[in-house]
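For what it's worth, the working numbering labels the leading residue of the sequence shown as 1, then goes sequentially.
Hints in this document: simulated from the structure, not taken from any laboratory.
Fair warning: this is a prediction, and the values are worked out from it, not measured in the lab.
Here a beta-carbon is modelled for each residue, glycine too, at the ideal position from N, C-alpha and C.
Errors might be hidden in some of the hints.
[What the hints assert, rightly or not] Pairwise CB distance ranges (calculated):
| no. | residue 1 | residue 2 | range |
| --- | --- | --- | --- |
| 1 | Gly20 | Leu55 | 16 to 22 Å |
| 2 | Pro18 | Arg66 | 20 to 26 Å |
| 3 | His5 | Arg39 | 29 to 35 Å |
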Amino acid sequence: MSGNHIFRLTGPGADQDPRGLFIIDIDTGDVSVSRSLDREAIDSYQAVTSTTNCLEGSGRVEQGQRSISALAFEALPLQGETRTRGTL
Numbered sequence: 001m002s003g004n005h006i007f008r009l010t011g012p013g014a015d016q017d018p019r020g021l022f023i024i025d026i027d028t029g030d031v032s033v034s035r036s037l038d039r040e041a042i043d044s045y046q047a048v049t050s051t052t053n054c055l056e057g058s059g060r061v062e063q064g065q066r067s068i069s070a071l072a073f074e075a076l077p078l079q080g081e082t083r084t085r086g087t088l
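Sequences and hints are given; from them, build the entire structure.
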């Protein structure tokens with residue numbers, strides 16, 4: 001992504017309780033999980049990603065957003081891996 005984009009994540013698990021569970025890289029939009037999801041406490045999360053694009057040289061700012069869903073599930077890393085990777 002270009003350095004002109006700023007990504008944000010809002011909703012439960014991001015900027016609402018339980019805060020800080022999902023973290024977004026403001027430059028790339030990559031979302032990561034900071035700790036294990038407790039499926040018995042909360043089995044799914046609904047959040048919104050948004051981006052601001054400052055168009056170079058035009059002075060214009062474009063904004064957009066997209067809803068994402070995440071389900072808490074039990075998954076084990078592959079042999080030799082320390083993390084499990086998933087897709088939202």
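Verification of the supplied hints:
Distance hint check for Gly20 and Leu55: the Cβ-Cβ separation is about 31 Å, which falls outside the suggested range of 16 to 22 Å. The given range of 20 to 26 Å is respected by Pro18 and Arg66, whose C-beta atoms sit roughly 22 Å from each other. In this structure, His5 and Arg39 meet the distance hint of 29 to 35 Å, their C-beta atoms being roughly 33 Å apart.
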